[in-house]
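If you read the sequences in order, they're chains A and B. Sequential numbering from 1 applies to the first sequence in this note's numbering. Sequential numbering from 1 applies to the second sequence in this note's numbering.
Simulated from the structure, these hints should not be mistaken for lab results. It is possible that some hints are incorrect.
Claimed, not checked - No farther apart than 20 Å at their CA atoms in a straight line, the calculated lysine to any residue pairs in the SDA-like style are these:
| id | chain 1 | residue 1 | chain 2 | residue 2 |
| --- | --- | --- | --- | --- |
| 1 | A | Lys774 | B | Gly74 |
| 2 | A | Lys427 | A | Gly775 |
| 3 | A | Lys427 | B | Val68 |
| 4 | B | Lys99 | B | Ala67 |
| 5 | A | Lys759 | B | Asp177 |
| 6 | A | Lys759 | B | Gly74 |
| 7 | A | Lys124 | A | Phe29 |
| 8 | B | Lys99 | B | Val165 |
| 9 | A | Lys759 | B | Gln231 |
| 10 | A | Lys427 | B | Lys99 |
| 11 | A | Lys774 | B | Val165 |
| 12 | A | Lys442 | A | Glu452 |
| 13 | A | Lys759 | B | Asp227 |
| 14 | A | Lys759 | B | Ala71 |
| 15 | A | Lys774 | A | Glu762 |
| 16 | A | Lys759 | B | Ile230 |
| 17 | A | Lys774 | B | Val68 |
| 18 | A | Lys774 | B | Ala71 |
| 19 | A | Lys774 | B | Asp227 |
| 20 | A | Lys427 | B | Phe188 |
| 21 | A | Lys759 | B | Val244 |
| 22 | A | Lys759 | B | Asp61 |
| 23 | A | Lys759 | B | Ala67 |
| 24 | A | Lys759 | B | Val68 |
| 25 | A | Lys774 | B | Asp61 |
| 26 | A | Lys415 | A | Lys124 |
| 27 | A | Lys759 | B | Thr245 |
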Amino acid sequence: MSALHEKNASQKARLLNAEHWICLERARFYTDAHRETHGQHPSLRAAQALQRVFAQMTVRIEPDELLVGNRSSQLIAPPIAPERGDFTFIFGHLMEELKAFGYRISADDERYLHAELIPYWTGKTVRDAKIAAFRAHGLVSQLCLAPGEIHRKIKGFGVQGLLRLVADGPASGTRRAAVARLPRLLRAVRAGAGDNIKGRGRCTDTQAHIVLGHKNVLALGFSGIAAQAQARRAQVQTDAERGFLDAVLLSCEAMRAFSERFAAAARIEAAATGDPTRQAELWAIADTCTRVPWLPPQTFADAVQALWFTQNAAIISYGAGSGITPGRVDQLLWPYFSADLARGTLTRAHALRLLEELIIKLNNNVIIWPNIGGVQLNHLGSDVENITLGGVNADGEDATNALTFLFIEALINTKLATTASFRISEKSPADLVRKVVAIHRKTNSPAFLNDETAIAALVRDGYALEDARQYCLVGCVEPSGNGDTYGATGGSKVYFPTALDLVFNRGKTSFFGNQDGVDTGDPAAMTTFGEFLTAFYTQLQAQVGWVTQATNLRDAIWAEHFHNPLISGTIDGCIANARDMTAGGARYNFGAVGGGGLGTAVDSLAAIRTLVFDERALTMAELQDALAHDFRGREALRQRLLRAPRFGNDHEDVDELARDLVARFCAMVAACTTVSGGHFKASLISYGLNVYEGALEPATPDGRRAGMPLSNSMSPSNGAETRGPTAMLNSLTRIDHTHIGYGNSVNMRLPIGILRSDKGVESVAHLVRGYFAKGGFHLQFNAIDTATLRAAQARPAEYADLIVRVSGYSAYFTRLGRAIQDDLIGRTEFAAWA
Amino acid sequence: MGLTDATCSVFDVQRFSIHDGPGIRTTVFLQGCAMRCAWCQNPEAFGHSHARTLSPQAVIDEVARDAVYYAMSGGGLTVSGGEPLLHLAPVRGLLQEAKERGLHTCVQTAGAVPEAHLAGVLDLVDLFQFDLKHMDSDRHRELTGVGTERIHANAGFLLRRGAPVHFRMPLIPGINDDGENLSAVAHFLAAHRTADLHIVPYHRLYLDKYRALGQLPRLVAPEPPTDEAIQRIVNQFQWRGVAVTIDG
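Only chain A is shown next, with the shape it has when bound in the complex:
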């Protein structure tokens, strides 16, 4: 195995040690252009704004880098898109929190932000228009603060629980400080509630979440895309169509000019440096940037630069947090790699260096979340730029290649939080699966995706088979077309436990307290579990209706006002249709609705069925009363709920509840139509928001206390599964994963010790293949670090499902004695560094 190239090691160190900045260059130049283009075609407005940004923003060439393309004036500063409204909202309400998290902003930018940027955009952003539309359609669930409601919230969530909502994270400081910040934060909560639509659904401001058309940029260059737009322009009839195509032309030219600026900067640096090696590198950078991405690349080095530069520019154009996805990088780059190797103009070592640098750059993707309270405001590496590796080609043959394995080496060497999706088909070589499992000896970044299931799901959703086979993973795990789809895979969500809350409160949610939906009757009067389930699905159907209606209202705003001709130009269909991607130009169009808290909801339904209806061990009224009081003074009842059968234990009766819930939810979602004429697709992923979302959810019948995290993604609740990994996976494969068009995520913790032996690696590889043979879609592992094991010692109840490898068998960590745990921690740490 190689080690990280020293020049990449220095780049990685700089990345990890860099200050986090808020830079308003992108915001400022876009705004300047927006002011001047009032009344023009939205594609042309966007293209001119982009042209301004690319012409005026700071161009930087970092020490040691071979791939160039920065996104702001600082090494780490996410590009800010004020037109969306999410950033201006956060900056307007939560600047103090951002600063407490370590974000810096220049005095000039801060003055500009408050004096000009926010005032200009107020009332014009997607967010403002969206909230107005939601209000007009009665979709907003504003926090109800009537006296009776406040009393009910305090009873249901506890004072501590309510304070935790606004006082978590490093920004909280002392309790006194938290209380002092309370009024301001409450205002932010109320303003932030624009995302909270009825039924505790969420609809964020952004769409995007798409696979960029890198395949077209590499094949044609932006010059070729411009030529296509030009040719199409001669054929179209309307001003609107011509406006879009002119905007594509402008965007392509803007890309050329942007790249030329880097060439010029490299020449200046080359002249200034006294280091002959670096000088040669800088001249090479200058040459490369004069060619690509304007012209199609001819070499591997040019191809990697074209891919990175296009990726970076697209993110600037959309702003951070857009889920712009590079796609199948091993397939995209393979022709250049193999040709250069055959010509003898590229060494494997140099190719590895470039891939390492690409991965480091993909990890410069800080995001700023519009969430209150700092539970997860920002982390390095959160705006996922998922890379897809392996899988079959358009003909259905295995497409794993030497670059797939070189990427594995680069992932291990860089050891960053890269999201890498490995597509595994029945035809994938065993060696690939083993090597990906073995990555976990060093880092936890890879995920396994099942080609057979994903392709079947895509075909079911309307893809041609050869297009389906080229799918890429967007964001976390959403399968989407390769540069031919406007996916918008993220942003809209409902929570299954909320449907329970709506049943119990007869159309109100506990947290917001408004009469959101229909009264499905007094639960205490229900005589069968079937009656309860009917009420549950009635509420869920209403939630899906609200969230899809809201999403369509939002998407209409994008389609009308905020185009992206740069990205659209790369996507199959937009030029042919002479329409922006936001307006349905792409070949394939879909919307997304995520479902959250499956494990929590299924465990709750199972507990209700078992204890209330089957065993008649408690009445519905007793249960409702316990939930409304967050189980205070009712601990014995809570323990009984916790002992009810739970999802994830290979228990047919419970698993069937999960299977039916997923199937019915996916059908409800797929029945809804998007503004661009496609249909919505369901996903079961939590983006790591299950902790935050749980904070707004009252106590649930599975024994979960109010405000505690919901179960994540499609995984069973933490601590629920106690019969080992195969039992958990058997539960999951009772669900038909091909219904879940935008994917699901299953997270499994593994002890790092299991990976010490080849037998262990082999066995995990077989676990993956067995799961996939049974129809599972996604699986990822966490080999466990010491910090987790220590936390498990401190809070064993939360870690009841933590598996440790003992000797010849697995044991649940928290069932072991303290000294033995310490022993294992020592061993694990040793193993981790061995």
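Using the hints provided, position chain B relative to the given structure of chain A.
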């Protein structure tokens, strides 16, 4: 259905076991043992408090749930204990049921059982994992309560009958890792024309089982062998022509 002779006393079913034979396996632990190893790691095998009484069909119903994973990995059922061959009827019942469902079968034995019990399962076992705890009979008796005579005779019996056998040695620092014992193991293997040995490094993770049972192991726990110590033993075996696999 009433209880039959083949009813099994099961004190644990461990799914996704990966060091109890080839592939991914489910290990079924049967109650009862005639030996009392000083370091015994499954003290719940004695007495009856922990065991569930199940029919072979019920046990294999659970085992068969992971059939796909066995098929992927070449795994299957492992019967362990206690001493699973202590009573013939239950283990035979389990193995028969497993074979009827096409599962690969493995039995872990310390060998201190009547020859007839081995003979009685020969046709149903794909692999025996056979313990060599200590080669010196007196020392073996001291450590486990029984001598090696019958054990070694049984090993010979299995090999003569052509049964697939993996010999396994629990590696316990200060107890059986001296040069003399290692030599004796190597000689034993050579005499039986076997060149493979599986080593199971001793660990202390079972100690809290004793705590839960309110008992103490007879042997004051030594430190588990370090990776270096294990490698030294592996090397010593290699010089003696024995190829070692580490289990666990």
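Against the structure, the hints:
Straight-line distance between C-alpha atoms of A/Lys774 and B/Gly74 comes to about 17 Å, which keeps the hinted pair within the 20 Å bound. Under the criterion of a C-alpha separation no larger than 20 Å, the hint pairing A/Lys427 with A/Gly775 is consistent with the structure, at around 15 Å. Distance restraint check for A/Lys427 and B/Val68: the Cα-Cα separation of roughly 17 Å lies within the 20 Å cut-off, and the hinted pair is therefore satisfied. A hinted pair counts as satisfied when its Cα atoms are at most 20 Å apart, and B/Lys99 with B/Ala67 qualifies at roughly 12 Å.
Simply put, A/Lys759 and B/Asp177 have alpha-carbon atoms about 24 Å apart, too far for the 20 Å limit, and the pair is violated. As the CA atoms of A/Lys759 and B/Gly74 are separated by approximately 12 Å, the hinted pair is consistent with the 20 Å bound. Under the criterion of a C-alpha separation no larger than 20 Å, the hint pairing A/Lys124 with A/Phe29 is consistent with the structure, at around 16 Å. For the suggested pair B/Lys99 and B/Val165, the alpha carbons sit about 18 Å apart, so the restraint of at most 20 Å is met.
Between the alpha carbons of A/Lys759 and B/Gln231 the distance comes to roughly 17 Å, so the proposed pair stays at or under 20 Å and holds. Taking the CA atoms of A/Lys427 and B/Lys99, the gap is near 30 Å; set against the 20 Å cutoff, the hint is violated. Distance check on the hinted pair: A/Lys774 and B/Val165 sit about 33 Å apart at the alpha-carbon level, beyond 20 Å; violated. As the CA atoms of A/Lys442 and A/Glu452 are separated by approximately 29 Å, the hinted pair breaks the 20 Å bound.
In summary, the hint linking A/Lys759 to B/Asp227 is supported, as the alpha carbons are separated by about 17 Å, within the 20 Å threshold. As the CA atoms of A/Lys759 and B/Ala71 are separated by approximately 16 Å, the hinted pair is consistent with the 20 Å bound. Proximity of A/Lys774 to A/Glu762 is assessed by CA-CA distance (about 18 Å); at most 20 Å being required, the pair is judged to hold. At most 20 Å may separate the alpha-carbon atoms for a hinted pair to count; A/Lys759 and B/Ile230 meet this at roughly 17 Å.
The hinted pair formed by A/Lys774 and B/Val68 meets the criterion: a straight-line CA distance of about 8 Å does not exceed 20 Å. For the hint pairing A/Lys774 with B/Ala71, the CA-to-CA distance comes to about 12 Å; that is within 20 Å, so the pair holds. For the hint pairing A/Lys774 with B/Asp227, the CA-to-CA distance comes to about 38 Å; that exceeds 20 Å, so the pair is violated. Between the alpha carbons of A/Lys427 and B/Phe188 the distance comes to roughly 45 Å, so the proposed pair goes past 20 Å and is violated.
With a C-alpha separation of about 14 Å, the suggested pair A/Lys759 and B/Val244 falls inside the 20 Å cut-off, and the hint holds. Between A/Lys759 and B/Asp61 the alpha-carbon distance is near 26 Å, which puts this suggested pair outside the 20 Å criterion. Of the supplied pair hints, the one linking A/Lys759 and B/Ala67 holds, its CA atoms being roughly 19 Å apart against a limit of 20 Å. The straight-line distance between the Cα atoms of A/Lys759 and B/Val68 is roughly 18 Å, inside the 20 Å bound, and the hint therefore holds.
Restraint check: the Cα-Cα separation between A/Lys774 and B/Asp61 comes to about 18 Å, which is no more than 20 Å; the hinted pair holds. Only pairs whose Cα atoms come within 20 Å are accepted, and A/Lys415 paired with A/Lys124 is rejected, the gap being roughly 42 Å. With a C-alpha separation of about 10 Å, the suggested pairing of A/Lys759 with B/Thr245 holds against the 20 Å cut-off.
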